[in-house]
Each structure stands twice: as structure tokens, then as C-alpha cells.
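If you read the protein sequences in the order shown, they are chains Z and V. Residues in the first sequence are numbered from 1 upward in steps of one, following UniProt numbering. Residues in the second sequence are numbered from 1 upward in steps of one, following UniProt numbering.
Since the hints were made in silico from the structure, they are not lab data. None of the values given here were measured: they were computed from a predicted structure. There could be a bad hint or two in this list.
If chains are identical, the list can't say which one is meant, so a pair holds when it fits in one copy or spans any two.
Stated by the list, open to error - Using 20 Å as the maximum straight-line C-alpha spacing, the simulated DMTMM-like pairs for lysine to aspartate or glutamate come out as follows:
#1 K227 with E198
#2 K132 with E198
#3 K37 with E142
#4 K227 with D107
#5 K49 with E155
#6 K50 with E195
#7 K49 with D180
#8 K95 with D212
#9 K59 with D212
Number of protein chains: 2
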Amino acid sequence: MEVFGPTIQGEGMVMGQKTMFVRTAGCDYSCSWCDSKFTWDGTGTSVSKKPEQIIEELKAIGGGAFSHVTISGGNPALHKGIGQLVELCHENGWKVGVETQGSFWQDWMREIDDITLSPKPPSSGMQTDFTKLDFFIENLAEANATLKVVIFDEEDFKYAEDLHLRYPAVPFFLQTGNSDTSTTDDALLTASLLERYEWLISLAVRSHIMNDAKVLPQLHTLVWGNKRGV
Amino acid sequence: MEVFGPTIQGEGMVMGQKTMFVRTAGCDYSCSWCDSKFTWDGTGTSVSKKPEQIIEELKAIGGGAFSHVTISGGNPALHKGIGQLVELCHENGWKVGVETQGSFWQDWMREIDDITLSPKPPSSGMQTDFTKLDFFIENLAEANATLKVVIFDEEDFKYAEDLHLRYPAVPFFLQTGNSDTSTTDDALLTASLLERYEWLISLAVRSHIMNDAKVLPQLHTLVWGNKRGV
Ligand code: SF4
Ligand code: SF4
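Isolated chain Z, as found in the complex (with noise of 0.2 Å):
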């Protein structure tokens, strides 16, 4: 578990939005390219934590100078805890977003202000367990929620296009992935972002079935490149 911000958010349905983060350790899924291994892997040092303690924490960390907390992972649907954060923070009239896999239901999460549910496209290596998604979806429905698929290849392109099709009612969001976590070559690594962008737009443009998507990047590697934490 750590805190850090406030800084913008820089995927998905709240892209720029000013926000703190909570990023959660563990994870049931073990993705090829994970860009938060750290999370999971045993290669980070995670110390558990009280909600109250977080709240102390952000407070502290944060200095008044938000009004949005961001509960990432891993993934954070594997913490008991989260349900009595959110309610804290909502207290503290801060709003919350949340992302997951969609692999593990909890009910807090219809608390949200703003959920993405990220299934994992092939080139992962992971499943979808479409059962548990179908229920997400379907409990979600009254929730500000999304779905967003990050792409690597064409596979990845056609799973985020049947998926589209099976949630046609769900904002949809598609997303290039950073395929080299380690770089810190930031020059080459925006390069070679920027082009992967292009390509997920140039197949989206083409693609019939994502004529209402939104095709984004991730705003915090092109600046920042693989540096954590901010």
C-alpha cells in the first residue's frame, strides 16, 4: 500500500482529472506486461494499513490541494478495507475512482464516482472469467463505469471489438500499452508511445464497430516515462 499526489490521472474515463492515489498490493492476475509488478511480485516492500491511517496519510501527502482519491492496484477488489476508505473519503467530500480486472465482486464498489473495469485482452495471457464480467456489468449499471482494454496487437483488437459488442451500453475506452516497463531512455520510450498510439488509432478509425470509442494513451509515461510515484 502507498500514497502519493497529487498529480493527474493519466487513463481512461477521468484522463487529467487531479487526483491522490492509494495503489493496493496484490493481484489474482499475473499479466505478461504489467507496468506495477512491484505490486505483486514480491520484488516491493507492502505494509498494510488501516483505512484511517490512509486518510491520515493523504491528508498529510496531499496538503489539501485535491479532491479526488484514486484506488489502483493491483487490484484493489482484493481488500477488505476499501469499502470503509471509499466511505471515508466520501466523508472527507472527496470523490473515488477505482480500476480492476473484474475478477473479484465487492460491494462498495457501486460507491464509486468513477469505475473502470479493465478485462485483460490475450496478449496478457490471462482469461476472462466472462461470468464474473456479465455480473459486473450487470451491477454496475446506475455506476459512472467503463470498460477499457489496453492493446498490444491486433488479437488484442479483436477481443476489445467482441467485448464492445457484448457491453455495447458501456462507455468504451481502448488504450496502447507500454511494452518496455524498464526503459529509462524517456526520448525513445515517448517515440515509441506516440507510434503505438497512432497505430491503435489508425485501427480504430477503420474499425466499424468502435465508431463511439475513445482511443487514449497513458498521459503518465509520456511524461514521466517508467519513473514511479508521480
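Chain Z is fixed; fit chain V with the ligands onto it per the hints.
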């Protein structure tokens, strides 16, 4: 009047949205850093077209691979025929986005699916008529409207803070400007745009007034530099 796309919306409230562009000619402003000067300074050639003609062009050029049309400028509010164009777009099942500085009101603005009001900060050399802008904000209270300010310097940022305080209920976007609209050195342009974006984020992060703002770059300039019609 030019039609191009499909491409993605690189700015503001529907960033990443797949869309066609209808770029209208003419502007009542003459911002120092305008990136569409060719629409109003006499260097571009422009033929005015009937709404029906524009619809035909959208169909021909877009080839069915879109469901959203962005009307940009210049200032699209200067054109009488836009109301009918919006109507025809809706009849075709397309959503319509518009960006305007908020200096000329038109009743069709209430029908727009996403409308961005972008008053110009001091660095533009323009003056904001707040009586007019108040009228816009009041009349678009039921619409899906946002405010966006392009920031070049700290004085612009101060202007944006005052604006956000004046209209606290309207979702607020800060955007980096492009101070070199003629270079063809894309790598250099990308680097300087990302540097500016990082600078703008750092201003926004420190400002308590901007707690609920979104801070965004121009995606199309990052991807395509100063190329036109992409
Ligand atoms: S679901 Fe997310 S955090 Fe978990 S392994 Fe995949 S990319 Fe990493
Ligand atoms: S209002 Fe927009 S189009 Fe008109 S001069 Fe200013 S930047 Fe250019």
C-alpha cells in the same frame, strides 16, 4: 469549410473520441497563438457549403466509420447554417461536439451533445466579455458544457483560476498551448509540448482552486505535430 476524418478528438471533454471534423472558416477573434489562423487570415481558401452538402461529404469521406461529428473553427457560432447541420447530423444518428470561445450565442448550441467554451486568456491578446460569457453559462446550464482554458504563462493560469471560481459548477479543463505552430521538427515539438504539460500539471497540482480540474495536453499535436487534416 473543410471536412476531414475519421480521427480522434485530441482535446478536452471527449478527448480520444473517434470523430469527423467540420472546420468552419472565419473568426471574430485573432489570438496571437491561434493554431488555425488559415481559417481567418486569408491564407486559406474556403468555400461555403450548404448543410446538405456537408452531410454528403461527411458520408463520403467518413464511409460509415464514425458516429460523432466535431464542428470546430474559427468560431462555428458565426455561421447561420450550423443549426440545420446539427439537426441533420442528429437525424443521421451522429452526436455533435462544438468548441467556441463564447462570444456569439446561437440557439442551436442547446442541442449540442458536448460543447466546450474556451474563453481566451491574456496571452492571446483578446479580452473576455464576461456579460456574454455569463449568458452562455446560464443558457447552457442544462447542456453538457465545459470550460477550457489554454495556458501559456502564469498570468493565463491566474485568469483560469478566476474563471473557475466564477463558474464553479461547470467542469473545468486546463490545456497546454502550442507555441510553435510552424515547426516540422516533430521530435523537438513533442519534447517541448511534454515539458509544457509537466509545467502546467505542476501549477495545477499546487493550486487548491484547481482541485477538481482536469489538466490535458493536445493529443493530436503530440502524435501528428503541426500537420493539418489529421
Ligand atoms: S491485472 Fe493489472 S495489476 Fe494485475 S497483473 Fe494484470 S496489469 Fe498487473
Ligand atoms: S478564437 Fe480560436 S480560431 Fe479564433 S483566433 Fe482565437 S484560437 Fe484562433
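Taking the hints in turn, this is what the structure says about them:
1. Only between protomers do K227 and E198 lie at most 20 Å apart by alpha-carbon distance; the minimum there is 14 Å, versus 23 Å within a single protomer.
2. Within a single copy, K132 and E198 get their C-alpha atoms no closer than 33 Å, and across copies no closer than 39 Å, so neither meets the 20 Å cut-off.
3. Taking the shortest alpha-carbon separations for K37 and E142, neither the intra-copy value of 32 Å nor the inter-copy value of 44 Å comes in at or below 20 Å.
4. Taking the shortest alpha-carbon separations for K227 and D107, neither the intra-copy value of 33 Å nor the inter-copy value of 48 Å comes in at or below 20 Å.
5. Neither within a single protomer nor between protomers do K49 and E155 lie at most 20 Å apart by alpha-carbon distance, with minima of 40 Å and 42 Å respectively.
6. When the C-alpha separation of K50 and E195 is checked against a cutoff of 20 Å, the pair qualifies neither within a copy, at 42 Å, nor between copies, at 37 Å.
7. Taking identical chains as interchangeable, the C-alpha atoms of K49 and D180 are never at most 20 Å apart, the minima being 31 Å within one chain and 48 Å between chains.
8. Taking identical chains as interchangeable, the C-alpha atoms of K95 and D212 lie at most 20 Å apart only when they sit on different chains, with a minimum of 9 Å there against 26 Å within one chain.
9. Within a single copy, K59 and D212 get their C-alpha atoms only as close as 38 Å, which misses the 20 Å cut-off; across copies the closest is 16 Å, which meets it.
Of the hints listed earlier, those the structure fails to meet are numbers 2, 3, 4, 5, 6, 7, in rising order.
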